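Novice: Okay, here's what each chain looks like letter by letter:
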Amino acid sequence: MPDPSPAVPVPQLSPAAFHILVALADDDRHGYAIIQEVAARTGGEVMLGAATLYRSIQRLLEQGLILETRERPAPELDDQRRRYYRITPRGRAAARAEARRLQQLVELARAHGIVPARA
Amino acid sequence: MGLYRALLTLYPRSFRAEYGSEMCAVFEQRRRSAGGAAGRAVVWLTEGGDVLINAAATHWDLARQDLRFTARALARTPGFTLTAILVIALGVGANTAAFSVADFVLLRPLPYPGSDRLVKLWEGRPGYSRNEVSPANYRDWKSAGTVFESMGAYNPIELNLVGEGDPDRLEAAAVTAEVLPMLRVEPALGRVFAAADDREGAPGTVLLSQGLWQSRFGGDAGVLGRRVMLDGTPHVVIGVMPRGFHFPRRGVALWTPLMFRADAFEDRDDNYLELVARLRPGVSLQAARAEMAVVAGRLEREYPRENEQTGATVIRLRDELPQQSRLLLLTLCGAALCILLIACSNLANLLLARTLARQKELALRTALGAGRDRLVRQLLTESVLLAAMGGGLGLLVAVMAVPLLARLVPDALPIGQAPSLDVRVLLFAGLITGVTAVGFGVLPALRAGRDTGLEGLRDGGGSSGGRKQRLRAVLVVAEVMASVVLLVSSGLLLRALWRVQSLDPGFRSEGVLTLRTALPLPKYDSTARRVEFYRRVLTEVAALPGVQSAAYISFLPMAMGGGIWPVSVGDRQVGRRGNNTASLRYITPDFFKTLEIPLRAGRGPAESDRLDGPAVAAVSESFVRRYWPDADPLGRTFEFAFQERTVVGVVGDILVRGPEQASEPQVYLPATQVPDGSIIYYTPKDLVVRSSLDPTALLPTIRDIVRRVDPEQPISNVRTMEEIVAEQTASRAVQARLLGSLAAVALLLAGVGIHGLLSYTVSNRARELAVRMALGARRRDILAIVLGQGIRLAAAGVALGVVLAHAAARAMAALLASVGPADSATLAVAGVLCLAMVIAGCFFPALRASRADPMAAIKAE
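Sequences listed follow chains A and B, in order.
The numbering of the first sequence is our numbering, which starts it at 1 and goes up by one.
The numbering of the second sequence is our numbering, which starts it at 1001 and goes up by one.
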């Protein structure tokens, strides 16, 4: 299937980076919130470590897949030490491309009977 | 929490500054939300491990970025990059090459298992501590010594191998059965000698070297049990030694058992054995020396005449190295270090200049948010990258240089010809490269870390920092100093070489071909048969076109220095005490004519001196001076080599032991008067031929003549007399040439350094100089200012260098052949060369300064 994503090629994502982008897909979040969101969505299976998280964030920022937002929540909910991150359109494209790649892999495995066909 | 914060210091500082506090906050929250001690422990373990892995990964990310950036920056300035890489390559290459040779010769253990317990034993006498040992003393030492696991004797010999192709003369060693097992080297094929092999009357056996086995027997495993003819007697091949096995020296092609006839133990003055022994485990060298001193003392009391003042010298086999070889190598290492010092200071200078030139760029990047540590990191990356490239190239330089240094590997050692590149050498090259990178990279990096601030952005920032200038000046002084040391040292060695080469050897070596036809025993046992061989060969050779004369002698001068016998004249008795010795040579009549040794009185040995006639001798002038200083020597007699001899002629002295050692007086006896079956070692074997045409062109014809006279007789050691003389100074010549080229490189590097410094100063002081010119200073004054700066630096370097050079010269005094360490001509030449180099280095910057347009310079500011 041809890739309909933008002309600028999107970089390949590590699993941690993919999780972070997915966690940011519907809302801006700070670091610890990202960890919690990923844990919640995976049923506690993926617990990102702080070091992995911030190294991924640094690379995602450099690659322009996320950005640091200046908008902050209401003062009573805010912590000055926190920084909030937001996914960029390029980040969305990258996450979409990665999801498609994973899906293709799953279909490949299914076609060869490694995972059961969907009911 | 503090521990986690401490862990974060593993990150690059820039990363920590950006995310450190957030990471701490996240960690804190996770820890709090984990229930119980076990939960907290899990958080600690996972987060701790996570930090370790990611910190390393972050460093790697940065390094990759820096490398990319650095590669681009270096590619933009190819001149600087190329200079830097070449300078490092020279420093690393010179040091790696010097190290690999020095390590090979001086440091590495000999290639025998447990070689640190192998020792050599010599008879020690006043004045000379290493004399060969007589069989009788060997036997007594061996039976009395308790400190040795085993002791054996050997004797370097040469043998004629006949059959299996052309007859050949081969270097060999006769060894007692103890020797090879003691070295703990297994034969590649067959067995080594057993006790039964070296008994008198045992059948002849022989061991082949790997090289001889391959070249002569085609590597055929069926060689075991084959009979070969050595010096006319049959020997059975019992084994082949492995590749890389050398003993006692490189070049030995076969080994035979050393047998002693029953009467060999009678004459305690017959010294020809070399002894090797293995210390018992736990016995120190000192203990062995102490015991052998006692043993030798007892033997001296038992045999007061033969063993007068005879001790036992015990040294490690590893230390059997001529002092001169050791000193040559150490000098080489010192010179290489000088080059490294110069290379490092030169690079530091180059990089400092580059950093200063880039100050605006660096300041801009700081202003744009790059942390100071990122800049330092960037500059360090640049040094490391340059060092790595230079080091790689340097290794290549070393690989190419090592074969050229092979002449410095003495062939008297049981090791190969040239060192191979191995892990030790690679490690050393890496170390030197690392030292270089740190030496020249850290300075500019630290400087950048300290100095990059906003002031770098201001225009005219060039006037910043007399301190930087001072540092760069110190570096230049160090370069000049090191080049002076090298120049003076190589100059002194060159003078020593010339002095040694200019010594008159007492004979004329030009136009003389030499070769050896060693007549085997027992075939040529009888003197008459040998004389017949000489007569036929010499008659035919002398008749060849261009040949002026030809003769035979026992050993060629310089090629063999020994062959010394005691002399007794009247009541001066033979004894060890004093200098009553002379070198013995048997010759055929035309020897003096062939080498053009002047006849001072009487005649030389002649055909008419028969074996049954009166024993006659020609002696050298120093012999006459010693024994009959005030009388006519002709017709006088002396006791020498078992007989009373009558002096019939006096000839000029020659340097038998070469130009660097004192030679004994010489005694020449007629070849016709070698007693049958006695003094066989001295039977004439070396042919000398003087020709008015190219002497080497004679060789094929002479081969034909020898083949006609005796088809089984091999020819070996073909050389011209000039080559033999040149060999005496070969290692000196290599050394002088080597140090000379290192000095040239050093001079060049120092010139580059001075040029770089002054170029920078001139552009830095452009405004000042322009103002001076605007105020009326003439071009000449500007030239003087710039040149003056260069010359002041050079003078400081030369002054320090001369002091150091003097110390270096004293350390290598033994190499200098009595050229004084403060040789004024050498110092003057070194000084002039340095001055010329400084002026050349200053010239272009000075010219540029004097030609600058003052108004333009001022406006540009």
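In case anyone wonders, no lab produced these hints; they're calculated from the structure.
As the structure is a computational prediction, the values presented were derived from the model and not from experiment.
Hints should not be assumed to be uniformly reliable.
As the list claims (entries may be wrong) - Have a look at the derived ranges for each label pair, beta carbon to beta carbon: (1) B:Phe1844 with A:Ser14: 34 to 42 Å; (2) B:Phe1844 with A:Gly64: 45 to 53 Å; (3) B:Gly1049 with A:Pro11: 49 to 57 Å; (4) A:Glu107 with B:Val1399: 52 to 60 Å; (5) B:Gln1065 with A:Gln103: 27 to 35 Å; (6) A:Gly64 with B:Ala1056: 20 to 28 Å; (7) A:Pro11 with B:Val1399: 38 to 46 Å.
Think of the CB as a built atom: it goes at the ideal place given N, C-alpha and C, for glycine as much as any other residue.
Novice: Which hints from the list above does the structure break, by number from lowest to highest?
Specialist: 1, 3
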